[in-house]
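J.: Reading the sequence shown from the start, the letters are residues 29 to 310 in this note's numbering.
Since the hints were derived computationally from the structure, they do not count as laboratory data. Just so we're clear, the structure is a prediction, and the values are computed from it rather than from any experiment. Treat the hints with care, as some may be off.
[As the list claims (entries may be wrong)] Straight line, CA to CA, 25 Å or less: simulated BS3-like cross-link-like pairs of lysine-lysine: (1) K276 with K245; (2) K47 with K295; (3) K74 with K147; (4) K74 with K187; (5) K61 with K187; (6) K245 with K187; (7) K190 with K61; (8) K61 with K218.
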Amino acid sequence: MRLLPLALVLVLAAPALAKPRWETLPLPPAMPKPTTTGVVDHKGAKIFYGVHGTGDPVLLLHGGMGNGDHFSHQVIALRDRFQVIVIDTRGHGRSSLPKGKLSYHAMAGDVVAVMDRLKLEKAAIVGWSDGGAIGLDLAVLQPERVARLFIIGTNYNGKGSKPRRGRAPAATFKAYAAKCRTDHAKLGNKPKSFRAQIDAMLPVWRNPGGFTREQLKTIQAPTMVALGDHDEIIELAQIEEMSQLIPKGQLTVFKDTSHFAMWQDPKTFNKVLLEFLTAKPE
29 MRLLPLALVL VLAAPALAKP RWETLPLPPA MPKPTTTGVV DHKGAKIFYG
79 VHGTGDPVLL LHGGMGNGDH FSHQVIALRD RFQVIVIDTR GHGRSSLPKG
129 KLSYHAMAGD VVAVMDRLKL EKAAIVGWSD GGAIGLDLAV LQPERVARLF
179 IIGTNYNGKG SKPRRGRAPA ATFKAYAAKC RTDHAKLGNK PKSFRAQIDA
229 MLPVWRNPGG FTREQLKTIQ APTMVALGDH DEIIELAQIE EMSQLIPKGQ
279 LTVFKDTSHF AMWQDPKTFN KVLLEFLTAK PE
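Please work from the sequences and hints to get the whole structure.
T.: Right under this line is the structure:
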């Protein structure tokens, strides 16, 4: 019997050994230097924001434990056509953690405060995970401030979360948490403040509140509801339902991605996002 060279055996075996994309966490590039930055004092918190480019305003809202720099892929893709505003939500990144309870509604108020500082009557809102919950709050309760809404990896109430009791966190989430901890320190925060951030967010994650079906039907803005087809924590059924309840709702499911689709397949993600942001209103 003729033996194959070891190198060839390894090459042939590589595809079988490689993880599917949705089980990986490719990290985003460094955030480009913003045109301007600022801090808004609002209800006990100092809210950091950065502005990139010029044009119609697009606000990017990151996920839990993260910071605005996690949208670097999207800033690079959008900054030549839009004024892209990236916010660190209260208690995250370069924004301070105030005393008292956190809530998505309070974070939505911070977004409006930044918009007021920049004299923006309306903006397109792009929210991932927790950022999507903030975007929904704005679209339901302050619709006059939302030109368009793009949310990914976001449920509208607790029933849209997959059961997690007794299950170990996915490897992607462990890697994400490790990155968030590293980023938190790089932004000049004390290590113990990352634990304080998580402690402050735990009640929000455990009891997120949410909205009713009737409230979703009142959303006026064109809305894209998206999910990775292997999302670890969000039920696709509720995402599909949400896209149907919102009058101008659309649905996108990113193939071979998880909760981190914007990192796992930034090319497709940015293409869908750009097409949505530039589509003519019906």
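J.: Against this structure, judge whether each hint is valid.
T.: Against the structure, the hints come out as follows:
For a cut-off of 25 Å, the pair hint linking K276 to K245 stands: about 9 Å separates their Cα positions. About 19 Å separates the Cα atoms of K47 and K295, which keeps this hinted pair within 25 Å; it holds. Between K74 and K147 the alpha-carbon distance is near 18 Å, which keeps this suggested pair within the 25 Å criterion. For the hint pairing K74 with K187, the CA-to-CA distance comes to about 33 Å; that exceeds 25 Å, so the pair is violated.
A distance of roughly 40 Å separates the Cα atoms of K61 and K187; the hinted pair therefore is violated under the 25 Å criterion. About 18 Å separates the Cα atoms of K245 and K187, which keeps this hinted pair within 25 Å; it holds. Using a Cα cut-off of 25 Å, the hinted pair K190 and K61 is violated, with the two alpha carbons roughly 37 Å apart. For the suggested pair K61 and K218, the alpha carbons sit about 23 Å apart, so the restraint of at most 25 Å is met.
The structure fails hints 4, 5 and 7 (numbered hints given earlier, in ascending order).
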